[in-house]
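Here the protein sequences come in this chain order: A, B and C.
Heads up: the first sequence at position 342 corresponds to 342 in UniProt numbering, and the numbers run straight through without jumps.
Heads up: the second sequence at position 71 corresponds to 71 in UniProt numbering, and the numbers run straight through without jumps.
Heads up: the third sequence at position 120 corresponds to 120 in UniProt numbering, and the numbers run straight through without jumps.
Everything labelled a hint here was simulated from the structure, so no lab data went into it.
From a predicted model like this one, the values you see are computed outputs, not experimental measurements.
Wrong hints could be hidden among the right ones.
[Said to hold, decoys possible] Restricting the straight-line Cα-Cα distance to at most 20 Å, the calculated cross-link-like pairs of lysine to aspartate or glutamate (DMTMM-like) are:
#1 C/K174 x C/D185
#2 B/K75 x C/D46
#3 B/K64 x C/D21
#4 A/K24 x C/E193
#5 B/K158 x B/D117
#6 A/K231 x A/E25
#7 A/K139 x B/E123
#8 C/K228 x C/E245
#9 A/K357 x A/D318
#10 B/K101 x B/D133
#11 A/K267 x C/E37
#12 A/K24 x C/E233
#13 A/K267 x C/D128
#14 A/K357 x A/E305
#15 B/K122 x A/E196
#16 A/K24 x A/D36
#17 A/K139 x B/E170
#18 A/K267 x A/D251
#19 C/K174 x C/E153
#20 B/K75 x B/D95
#21 A/K231 x A/D251
#22 C/K228 x C/D38
#23 B/K75 x C/E233
#24 A/K363 x A/E305
#25 B/K151 x A/D69
#26 C/K346 x C/D185
#27 A/K139 x B/D117
#28 C/K34 x B/D133
#29 A/K161 x A/D43
#30 B/K158 x A/D251
#31 B/K119 x A/E196
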Amino acid sequence: MGNRVAIVGAGMTKFVRRAQETGKELSFNAARMALDSCGLHLDQIEMVCLGTAPDTFDGVHMKGEYLSDGAGAFGKPYMRSFVGGGTGVFAVAQGWYHVASGLCDLCLVVCEEKMSTFQPHAQAAFLTIFDHITERPLKPNLLWIFALEMNRYMTTYGLRKEDIARVAVKNKNNALDHPAAQLAQAVTIEDILQSEVLAWPVQRLDVSPVSDGAVAVVLASESVARRVTNKPVWIEGVGWNLDTAYWTNRDLCYPRYVEEAARMAYKMAGITDPRHQIHIAEPYDPFDYKELHHMEGLMLCGRGEAPQMTLDGITSRDGELPICPSGGLLGVGNPISAAGLMKIAELFWQLRGEAGKRQVSRKVKRGVAQAWGDLMQVGTVVVLGI
Amino acid sequence: MPKRKEPTPTVERSIAAPPYGAVASGLSDDDFHKGRVCTTHWAADARYAWDSGIAIGRYLEGLKAGRLLAVECRKCHRVMIPPRMFCELCFRPIDGWRQVKDTGIINTFSLCYVTWDVKRIKEPQIPAVIEIDGASPGMGIMHLIGGIDPKSVRIGMKVRAVWKPAAEREGAITDILYWRPF
Amino acid sequence: MTERVAIIGIGATQFRSISPDVSYKELMFEAATKACEDAGVNPRRDVDTFITCSEDYNEGTSITDEYVPDQLGAAMKPVQTITGEGLHGIAAAFMMLRTGSFGIAMVEAFSKASNVLTPDGILACAQDPVYVRPLEVNSLFIAGLEMNLFLHESGVTPADCARVAIRNRAAALKNPLAAWPARLDLEDFAHAEPVAFPLTALDIARPADGAVVVILATESRARSIGRKPVWVEGIGWCNGSPNLETRDWATPHYVTTAADMAYRMAGVTDPGNAFDFCEIDDTYTYKELQHAAALGLGCRCSGRPVINPSGGALGMGHLHEATGLARLYWAVKQLRREAGDLQLDKADRCLVQAWRGVPTESTVCTVLAA
Numbered sequence: 001m002g003n004r005v006a007i008v009g010a011g012m013t014k015f016v017r018r019a020q021e022t023g024k025e026l027s028f029n030a031a032r033m034a035l036d037s038c039g040l041h042l043d044q045i046e047m048v049c050l051g052t053a054p055d056t057f058d059g060v061h062m063k064g065e066y067l068s069d070g071a072g073a074f075g076k077p078y079m080r081s082f083v084g085g086g087t088g089v090f091a092v093a094q095g096w097y098h099v100a101s102g103l104c105d106l107c108l109v110v111c112e113e114k115m116s117t118f119q120p121h122a123q124a125a126f127l128t129i130f131d132h133i134t135e136r137p138l139k140p141n142l143l144w145i146f147a148l149e150m151n152r153y154m155t156t157y158g159l160r161k162e163d164i165a166r167v168a169v170k171n172k173n174n175a176l177d178h179p180a181a182q183l184a185q186a187v188t189i190e191d192i193l194q195s196e197v198l199a200w201p202v203q204r205l206d207v208s209p210v211s212d213g214a215v216a217v218v219l220a221s222e223s224v225a226r227r228v229t230n231k232p233v234w235i236e237g238v239g240w241n242l243d244t245a246y247w248t249n250r251d252l253c254y255p256r257y258v259e260e261a262a263r264m265a266y267k268m269a270g271i272t273d274p275r276h277q278i279h280i281a282e283p284y285d286p287f288d289y290k291e292l293h294h295m296e297g298l299m300l301c302g303r304g305e306a307p308q309m310t311l312d313g314i315t316s317r318d319g320e321l322p323i324c325p326s327g328g329l330l331g332v333g334n335p336i337s338a339a340g341l342m343k344i345a346e347l348f349w350q351l352r353g354e355a356g357k358r359q360v361s362r363k364v365k366r367g368v369a370q371a372w373g374d375l376m377q378v379g380t381v382v383v384l385g386i
Numbered sequence: 001m002p003k004r005k006e007p008t009p010t011v012e013r014s015i016a017a018p019p020y021g022a023v024a025s026g027l028s029d030d031d032f033h034k035g036r037v038c039t040t041h042w043a044a045d046a047r048y049a050w051d052s053g054i055a056i057g058r059y060l061e062g063l064k065a066g067r068l069l070a071v072e073c074r075k076c077h078r079v080m081i082p083p084r085m086f087c088e089l090c091f092r093p094i095d096g097w098r099q100v101k102d103t104g105i106i107n108t109f110s111l112c113y114v115t116w117d118v119k120r121i122k123e124p125q126i127p128a129v130i131e132i133d134g135a136s137p138g139m140g141i142m143h144l145i146g147g148i149d150p151k152s153v154r155i156g157m158k159v160r161a162v163w164k165p166a167a168e169r170e171g172a173i174t175d176i177l178y179w180r181p182f
Numbered sequence: 001m002t003e004r005v006a007i008i009g010i011g012a013t014q015f016r017s018i019s020p021d022v023s024y025k026e027l028m029f030e031a032a033t034k035a036c037e038d039a040g041v042n043p044r045r046d047v048d049t050f051i052t053c054s055e056d057y058n059e060g061t062s063i064t065d066e067y068v069p070d071q072l073g074a075a076m077k078p079v080q081t082i083t084g085e086g087l088h089g090i091a092a093a094f095m096m097l098r099t100g101s102f103g104i105a106m107v108e109a110f111s112k113a114s115n116v117l118t119p120d121g122i123l124a125c126a127q128d129p130v131y132v133r134p135l136e137v138n139s140l141f142i143a144g145l146e147m148n149l150f151l152h153e154s155g156v157t158p159a160d161c162a163r164v165a166i167r168n169r170a171a172a173l174k175n176p177l178a179a180w181p182a183r184l185d186l187e188d189f190a191h192a193e194p195v196a197f198p199l200t201a202l203d204i205a206r207p208a209d210g211a212v213v214v215i216l217a218t219e220s221r222a223r224s225i226g227r228k229p230v231w232v233e234g235i236g237w238c239n240g241s242p243n244l245e246t247r248d249w250a251t252p253h254y255v256t257t258a259a260d261m262a263y264r265m266a267g268v269t270d271p272g273n274a275f276d277f278c279e280i281d282d283t284y285t286y287k288e289l290q291h292a293a294a295l296g297l298g299c300r301c302s303g304r305p306v307i308n309p310s311g312g313a314l315g316m317g318h319l320h321e322a323t324g325l326a327r328l329y330w331a332v333k334q335l336r337r338e339a340g341d342l343q344l345d346k347a348d349r350c351l352v353q354a355w356r357g358v359p360t361e362s363t364v365c366t367v368l369a370a
């Protein structure tokens with residue numbers, strides 16, 4: 001598996017609906033904080049990886065180049081990865097192979113998103129993710145594809161809205177303890193069920209918001225990690241998987257690409273029984289039903305069983321297998337790629353016992369972060385351990 | 001001249017957790033739209049004319065003629081729609097073409113009250129994935145359901161394509177207006 | 001033990017000014033099929049990781065990553081998209097193979113430049129939205145500024161630059177894949193359409209459509225497949241300043257930094273004499289000369305190393321993110337002694353370098369050996 005790689009520092013900006021800072025400034029703030037958190041200086045960083053999602057939002061072509069200075073990449077080897085919403089977790093996998101290859105000891109990974117730039121509303125930009133010939137003429141919007149998947153999932157397993165809304169309640173309440181949260185609210189299931197129907201079965205409070213924000217982590221090879229901190233968080237496994245672009249040829253009730261990505265990461269990490277060997281999880285939750293969908297894809301429970309697990313309280317912060325203790329995208333916010341890296345940062349703090357009020361009750365030594373993206377298509381998974 | 005708004009960084013010190021520092025000055029909609037901060041505007045001039053290629057080119061010709069076309073791979077025995085020149089499972093060129101029916105089954109659907117450019121509408125659009133009769137099981141395309149009370153739509157319903165009159169068809173996915181349950 | 005990395009397969013479509021008969025997916029499938037055939041691999045079974053290089057604005061689709069897997073044999077496999085040069089993809093593959101967790105990698109990039117109706121409008125979107133775009137100047141001004149300073153500082157003349165295009169486009173006459181072969185002379189340049197002084201239309205590589213796929217493997221996998229490997233001895237990449245205001249217009253330091261990284265890895269101490277040929281970026285004529293100097297290739301008075309025997313981008317066409325991969329394709333052909341009419345007598349070790357074009361300061365270079 002090459003050299004062992006650890007996360008030794010993390011930093012993030014607040015997630016807000018519209019930041020005054022430019023994308024470069026957001027990146028800089030996150031990178032600066034990540035470096036400060038472990039007492040390192042940019043001069044010591046050898047390589048930089050940036051993750052950021054559609055250039056359309058910013059109206060900047062080759063957005064990766066534009067953001068490179070804010071991400072600390074001046075004069076350094078630099079690359080930007082882009083796998084849709086999966087980017088935030090994938091960026092860590094990319095940073096992992098930078099260090100595990102032996103080519104460097106210290107790599108900075110930054111994820112940034114500034115969705116608010118797009119006028120009049122960022123959601124309109126998503127028209128361009130659909131096939132230019134077979135789909136765009138129908139004027140699809142992003143809500144369609146989630147609603148189609150949510151309906152298929154609910155119908156396949158006979159789920160009620162309440163079963164799903166429970167996730168939004170958990171996460172938005174969890175986020176009340178997250179200092180960077182955009183949409184923390186003490187909501188109830190009733191609030192979710194009464195919220196405006198956007199694209200049945202999707203209602204407004206089922207959906208995470210459009211956000212601006214940035215997160216950064218510092219990766220180090222084993223020998224350097226041990227000198228930088230006495231609590232390195234090891235990257236034990238990485239996995240990613242992209243399903244066919246022909247999403248209408250697939251059954252949307254199960255994210256098999258998340259399972260494939262998880263298998264790849266679990267194999268590397270030596271995990272054979274995820275339900276018990278994973279102590280804490282941060283799956284991607286842009287919509288509430290997605291957390292359930294991804295819990296199943298991560299094989300933390302059987303297919304269709306995630307709602308019951310949530311109902312039983314297993315996934316709450318003081319439960320047996322806390323899920324999205326950060327508050328997730330639903331509570332903290334969804335600056336697309338930064339959201340994925342926020343989950344990695346959350347596990348980093350949780351595993352080190354530094355999550356403050358969000359700290360989960362049980363002792364946790366191993367966690368999994370997962371992001372999703374593209375057309376219900378990509379799963380990116382990272383297993384962290386201390 | 002509106003007074004320029006200075007950034008007011010938000011610092012959270014009350015929650016015991018790793019310091020998040022002074023970052024991300026949140027702007028309100030008003031700050032932004034009422035010009036309290038400096039902004040620049042740009043309308044991107046980004047226009048494209050995409051080559052549809054062999055597979056989709058032929059698909060579109062079929063649509064113009066009022067037919068749905070699919071392709072087949074003799075190795076995995078799948079009949080695939082939308083057409084492609086390669087079988088993505090077997091990684092080999094497809095073996096041939098086949099006309100499939102313009103009827104199908106609703107695999108999933110939604111009732112959407114928001115347009116792509118975020119306008120609210122009263123009568124919902126009904127996007128759906130429709131599994132096409134004659135193609136392999138689960139082979140669906142995305143399209144719209146119509147001609148039915150939205151509240152009556154169900155997964156598993158049989159639907160038939162409602163085509164534009166021949167003279168109005170252009171060789172586009174919109175040559176089918178919508179799919180109506182029968 | 002970290003294994004050496006080899007290139008074991010390459011595949012490319014024809015590079016053409018337009019390709020109306022095929023879609024981008026069909027171009028990719030052709031290149032991937034050829035590369036897999038060349039490497040003797042089945043991507044469904046043998047390729048562990050796929051890397052594609054593309055930029056949304058060049059395609060007119062957001063999240064182009066969505067549309068790549070099927071035609072590469074990558075559906076339900078690990079695929080990543082890097083918004084970088086095809087050679088950045090090679091760097092990523094190199095690193096992944098060195099971790100020991102992957103045995104075979106596929107790198108892909110394509111261009112459908114002909115489908116872009118507003119290339120200037122899109123390149124304008126790469127300019128800084130606050131400090132540069134409001135000036136509303138065609139992006140080529142950036143190359144014009146740099147060329148002007150380069151000529152001033154180096155003593156290189158516009159005629160010297162013209163000779164780069166003359167040589168490269170003539171070389172392309174023997175390149176079966178090239179899109180823009182031509183027999184030009186200095187007279188043509190005297191009448192060339194001015195674009196952004198001192199840049200003329202003939203100084204600029206014209207766009208072309210096409211796709212290139214490269215297959216890499218660890219040494220043990222290469223040997224078990226039985227394909228003659230081309231070794232990736234070193235690779236380096238570097239970013240300079242994205243800001244026009246804070247960059248050193250006279251010297252592309254980032255090119256030297258990237259080269260030093262690759263040279264160190266490859267054990268190259270005297271780049272002027274280490275390579276039989278080099279495929280270096282010639283998006284603009286002056287760039288070939290500027291890059292040759294920054295890469296430490298010396299005066300090349302003895303005719304070594306041969307520069308851009310493929311005909312370069314000036315001759316083959318500028319292929320968006322696939323430009324560097326097209327050069328790598330021909331470099332591999334040379335090293336394998338399969339370059340046909342383009343074959344050099346001595347072709348044992350080379351340098352391939354790519355630059356991402358204006359307004360970037362982003363470059364990758366790699367040392368390859370037979």
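How the hints compare with the structure:
1. C/K174 x C/D185: 18 Å, holds
2. B/K75 x C/D46: 19 Å, holds
3. B/K64 x C/D21: Within the cut-off at roughly 19 Å; holds.
4. A/K24 x C/E193: 38 Å, violated
5. B/K158 x B/D117: 30 Å, violated
6. A/K231 x A/E25: Violated, at roughly 29 Å.
7. A/K139 x B/E123: 16 Å, holds
8. C/K228 x C/E245: 47 Å, violated
9. A/K357 x A/D318: The given pair, whose Cα atoms are some 12 Å apart, holds under the 20 Å limit.
10. B/K101 x B/D133: 5 Å, holds
11. A/K267 x C/E37: 30 Å, violated
12. A/K24 x C/E233: Violated. A/K24 to C/E233 sits at ~35 Å, over the 20 Å cutoff.
13. A/K267 x C/D128: 44 Å, violated
14. A/K357 x A/E305: It is violated: about 29 Å lies between the C-alpha atoms, which goes past 20 Å.
15. B/K122 x A/E196: With Cα atoms ~13 Å apart, B/K122 and A/E196 stay inside 20 Å; holds.
16. A/K24 x A/D36: 18 Å, holds
17. A/K139 x B/E170: Satisfied, since the Cα-Cα distance of roughly 17 Å is no more than 20 Å.
18. A/K267 x A/D251: The given pair, whose Cα atoms are some 26 Å apart, is violated under the 20 Å limit.
19. C/K174 x C/E153: 35 Å, violated
20. B/K75 x B/D95: Distance ~9 Å between B/K75 and B/D95 Cα, so the pair holds.
21. A/K231 x A/D251: Since the Cα atoms of A/K231 and A/D251 sit roughly 42 Å apart, the hinted pair is violated (cutoff 20 Å).
22. C/K228 x C/D38: 10 Å, holds
23. B/K75 x C/E233: Violated, because 40 Å separates the two Cα atoms, which is more than 20 Å.
24. A/K363 x A/E305: Distance of about 24 Å is beyond 20 Å: violated.
25. B/K151 x A/D69: With a Cα-Cα distance of about 53 Å, the restraint between B/K151 and A/D69 is violated, given a limit of 20 Å.
26. C/K346 x C/D185: At roughly 28 Å apart (the allowed maximum being 20 Å), C/D185 and C/K346 break the hint.
27. A/K139 x B/D117: 9 Å, holds
28. C/K34 x B/D133: 35 Å, violated
29. A/K161 x A/D43: The given pair, whose Cα atoms are some 51 Å apart, is violated under the 20 Å limit.
30. B/K158 x A/D251: Given that 20 Å is the threshold and the Cα spacing comes to 18 Å, the pair holds.
31. B/K119 x A/E196: 14 Å, holds
Hint violations for this structure: numbers 4, 5, 6, 8, 11, 12, 13, 14, 18, 19, 21, 23, 24, 25, 26, 28 and 29, all remaining hints satisfied.
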